[in-house]
Each structure stands twice: as C-alpha cells, then as structure tokens.
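Each chain is listed here by its residues.
2 protein chains.
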Amino acid sequence: MPRNPQILLDNRPQGEATVDNFRLTEADTPALAPGQVLVRHHYLSLDPYMRGRMNDSKSYAAPQPLGQVMQGGTVGVVEESRHPRFQPGDSVVGMGGWQTYSVVDGDAPGMLRKVDTAHVPLSYYLGAVGMPGVTAWYGLDQIIAPKEGDTLVVSAATGAVGSAFAALARARKCRVVGIAGGPEKCAYAVKELGFDHCIDYRAHPDVKSMAGALKAACPDGIDGYFENVGGYILDAVLLRMNAFGRIALCGMIAGYDGQPLPMANPALILINRLKVQGFIVSEHMGMWPKALAELSDLVQLGKLRPRESVAQGLAAAPEAFLGMLKGKNFGKQLVKLV
Amino acid sequence: MPRNPQILLDNRPQGEATVDNFRLTEADTPALAPGQVLVRHHYLSLDPYMRGRMNDSKSYAAPQPLGQVMQGGTVGVVEESRHPRFQPGDSVVGMGGWQTYSVVDGDAPGMLRKVDTAHVPLSYYLGAVGMPGVTAWYGLDQIIAPKEGDTLVVSAATGAVGSAFAALARARKCRVVGIAGGPEKCAYAVKELGFDHCIDYRAHPDVKSMAGALKAACPDGIDGYFENVGGYILDAVLLRMNAFGRIALCGMIAGYDGQPLPMANPALILINRLKVQGFIVSEHMGMWPKALAELSDLVQLGKLRPRESVAQGLAAAPEAFLGMLKGKNFGKQLVKLV
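Heads up: the sequence lines are chains A and B, in that order.
Each residue of the first sequence is one higher than the last, beginning at 449 in the numbering used here.
Each residue of the second sequence is one higher than the last, beginning at 449 in the numbering used here.
Keep in mind the hints are simulated off the structure, nothing from the lab.
The reader is advised that the hints may include incorrect statements.
You can't tell identical chains apart in this list, so a pair holds if it fits in one copy or across any two.
Each computed SDA-like pair below joins lysine to any residue, with the alpha-carbon atoms no more than 25 angstroms apart [claimed, not checked]:
1) K663 - P511
2) K595 - H732
3) K595 - R721
4) K621 - A665
5) K663 - N503
6) K656 - R721
7) K776 - E632
8) K639 - G775
9) K738 - M543
10) K663 - S505
Between the sequences and the hints, there should be enough to build the whole structure, so can you do that?
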C-alpha cells in the first residue's frame, strides 16, 4: 500500500491560528478490510468552520482532536475497493481529511458518495454542489424563505457560500447585495456572480459607515441576511433590517480568535420583529438531495459559475487555510493533490 | 356631558422617566356623533411597552405624541351609545387611554369589544385574559412551540405576562422556571402561580451568578425562553440554552432608559442553533380569539389566578407606572378609577 502524507493538528491556537499549530507527517496506508475502500484524494476542501473546531471549546461539533489528521471534505478517485458498490476509477466525495489517501468504510452513512463528473467538475462537489452550496441553500430557502422582490444581503459574498447564495437568490427573483473585501472581489461579485451590488467592507470599517453603505445599496431596506462573518457588519445590517426580516446565522468567523464579539443592540430584533436563527447544514441531511439537485442544475445552466482558489500540494494546506480566514482566497479555497 | 380628567405626556424622558414627564389636566367630553359610544373607564392598564413609546425613537409603534392623552388599554362600562351594538351598562374593553372617559367610534376595528363579566372579573381583560395574556400565549405557542417535558424560563415572572406564561406552560406539561425580583415574589411564583422554581435576580446580579442559578434550576438546560427584560439576564440564559432552543423576545425593558444594552456573545445563537424572534402581539390579531379562549378557560378552572397591583385614582397613574418599571408592582399593574 502507498505511503500517506498527512497534516495533523499539533497544538491549539492561542488567539490567532498559525502554521505552527499544524504538523506535516506521513503514515502507512493500512490494507483494506472487507467493505473498505481506498480513495486517492484529488482535492481537499478548506472551510471556515474548521477554525472553530481548532479551539477546545464547547461547540456544536466536538473539537478537532490533537495529534490527529485534520478533518475535512475531500473529492477523489477510488484506487482499490473491497465494497461491492465502489469500483476503482469511481469519482467520490467524502470526509477524507488533510491527507493523500483515506481508507473508508463504504457503508458508513454519509462518508462516501459517488458523483457524476460528466456534467459537473469534480472539485465543485466541495463547493457549489457540495457542503457550502447546500449551506447557502438551507439558509436561504429554509430560514430566510424570501418572496419575489425581497432584498437579500450576504457577507463573504465571493466565497463558496456567497457565490451559491447569489445564484439561488436570483433564481428566486430577489435583489441580492454582497459584502466582500476589496474592489476586485466586489467587481467580480457584480460582473461574474450576479450580485446586484457589492459593498467593500474595507472602505466601510465601522458600523456607521457600513450602515450608510447598506442604506445606499438597499434603498428599500433588507428583508433577509445571510451571516458568514459576525461583528460590526452584523450590527450595521441590524440597523437596516425591515420589519419581519430574517437572519440566517451560518458563521461568526470574526469572533474565532479571541473574546466573543458582542451584538451592540439586540433590542432591534424586537423592535423590527426579526427572526435570527443559527444552523448547521450537516444536521439537515434530509434536505441535501433537493438542494444539490437545484445547485447542480444552476451549474449546468451556467447560472452558477463559482471561482476557486487552488493551493498546490498537501504541504500548502495550512498557509492556504490561514489565508482564507483572512479573506485572501477568491472563491472556494481548495488544495490540489493530484 | 361630564368633565374628563386626563393625563398627558408633557415632555419626553431624558434617561429615566419621571413624574414630571406627565401632566394632569381636564377636558370636556364631546357630545356623541352617530355611531359613537361614551365609555366610563373602571380600570386603566399600565404596561411596560408604554415606556418605549415615551421615547421619540424609531420603533414599531409611533411614539406617544406630546401634549396628548397617554394611550393605553382600559376596561369600563358604556354610559351612552349612539351605536346599535352597544348599550348603556355593557362592559367593554378598549384603548381609552389615561383618562376618565373616552368617546369611541363603535365600528373602529379592535377599538371596543364587549366582554362577559359573569365568569371573568372585568379587570382581568386588561391582564390574564387580555393583551398580556395573549402576549404570553403567542410567544409560548407560536415561537417557543414547546413539547411536553421541555424546560421553559420566563423573566418578570410574577407580572401579567409571566403569570399567564406559567399557567399556559403547565397546561402543556412543561417544566417552567421564573425569574423575579426578591424572595417574596419568588415564593409567590412557586406557591401561587405554579412555577416549578423561581430565581431571585437580586441575589444574582451578574451574568456568572445568574448562569449558575439557571444551571441549578434547569439541570437539563433551557429549551425555551420568554424575554421580558433584556440585559445580563438574556446573556446568562444564552449560556444555558439547549441546542435548537427558542427565544421569544417580547420586552427589553432594561434598555429603555439610555444606551442600548449589548448581547455579550451572539455566536451562541449559532453554536446552539437557536431561534431568536421578536414579536408584537397586536400584529397577530387573528390569533387573539384562540388565545383568549384558552386563557379564559384557565381562569375559570382556577389554573390561572393572576395577582393585581391596583393604584387608586387617575392622579396615581404616573407614580404607579414608574414603580412598575422598577418592579415595585406585584402582578398586573392597574389604576382603579371607579
């Protein structure tokens, strides 16, 4: 069996995460037991939720264990199989982690799924037609539940979730405004991703300025907000929400490194009779087939053309991950192994 | 026609509200036009929401206008009528304001409703079988939507809303824990109102201490919270909410006097996948008949025995109102005029 380079979580961040929290190592790939499948990973997915799991704090998911392979989504190709449903050469999506190979129990629910690469590129199953896409779908469809003509806002607009959100929102005939970092991302959001408008948060670094930009971009107020970031952007959005608005809380990345970030004026939730709801897409697996079908259709129709930031080789994963947390990526952040 | 003593809002509070914000005056009662009804008020309702309306800030309701009679709920008896549906002697509930008489258009929707005083005391239509009762019902039934065995918490537990909440929660076979100010109110909450436990917030004046008290009172965590207060109590509750918990935001009285009170850690909404929803009961009039029917039944069965704090005479209204905002009342705060 082949040798298996892998990246472990070596120690937990004190404040900001650094490359020294990770360790590159190599292990043997065990021989397959009956029912197991050997997958060679072509791409690793890097996602903001992983930062939360690096902390040893009570959260929805167990913390990433120390000294073990960083967990995460992967796409790849079956190299060997002792499971009747998987054949060498099959394209698969799974949770193989930050390593070159994984050995997977073919029957473990949700751990390995064959995918069609004739119409959708393999890497998209980690982004637009994968967990981030379904995340956008769930927050939009199940929490924000917009009606035609609503004004919707999403932060981290050019990321994997934001891109899918824009396409899904347009399919529902909503006006969709993004928030992203820098003029290049904002131009791309409008030109390529179908946003009606995109606000550069770097040009609006405080609540008052951001609230002003939101007022200009959303003259009819905001009916739905998809939150990937937290912090002062959420405070500014709250000032511009319409009565009966809905906020889907998906990420609060701004608060991962240290003290919790407060919400300045929660009374606005009452004053405007808002619904604010947190969710984790992996707890709603029953919705995935419906969401993936819509996302796959949008990709095949050319209405969802996600951008990818691709780092080369396993050793580049930690730096690419830390860069993504700072918004250095542009679109879905991947690591290409093959 | 009789002379009509009344209390106006004379000027707006700078920070804390004071008796000097109000002015007692007297007006003529106009002769009735066709379709109008003259009501003599027996009780005025004093409610926390009125404090919010004294500020000149953007909120769900227009601010209470300066120089006009303080608006509010009233129960009384028809003295004269030029409307076919109302007869002298009818008991009615309406929005007559802080005055002795009101002249009401009998056809104005929601402004005047005949009530049965054979089975429910007249004053209860301002409390347990009125707006506060329906408020408790809506937050519990439509937002918290508990299942049998859930642990529910309500602040301002011995107030009109809290009392009704306890009876409604018990009818749904939930464990219900109150938060109130002082040992006397807490003992009453448990002995008379049916709370399983009541926490004295004066003995727990900070987040950490309150969170500890909630942990002791709710060993299985909190599934639903009905918020009448805001501030540090909400922060403490957020620390003890179970996954998929629901928070109905009804009042944020703690923040009325000055700067908005922040929420310390909104990321908990995401971490525990909570739903936090604000509401105003007057926007859900379609639900009132169902809610009032259940509340009336609970009163008649002796399962909801609300307590009232009754101030005597119109001139006592401002002081009684300000005392209520500080929790000096015990149960529904009324002003008796007749």
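Exercise for review: Kindly indicate which numbered hints from before are broken by the structure, ordering the numbers from low to high.
Suggested key: Violated hints: none at all, because every hint is consistent with the structure.
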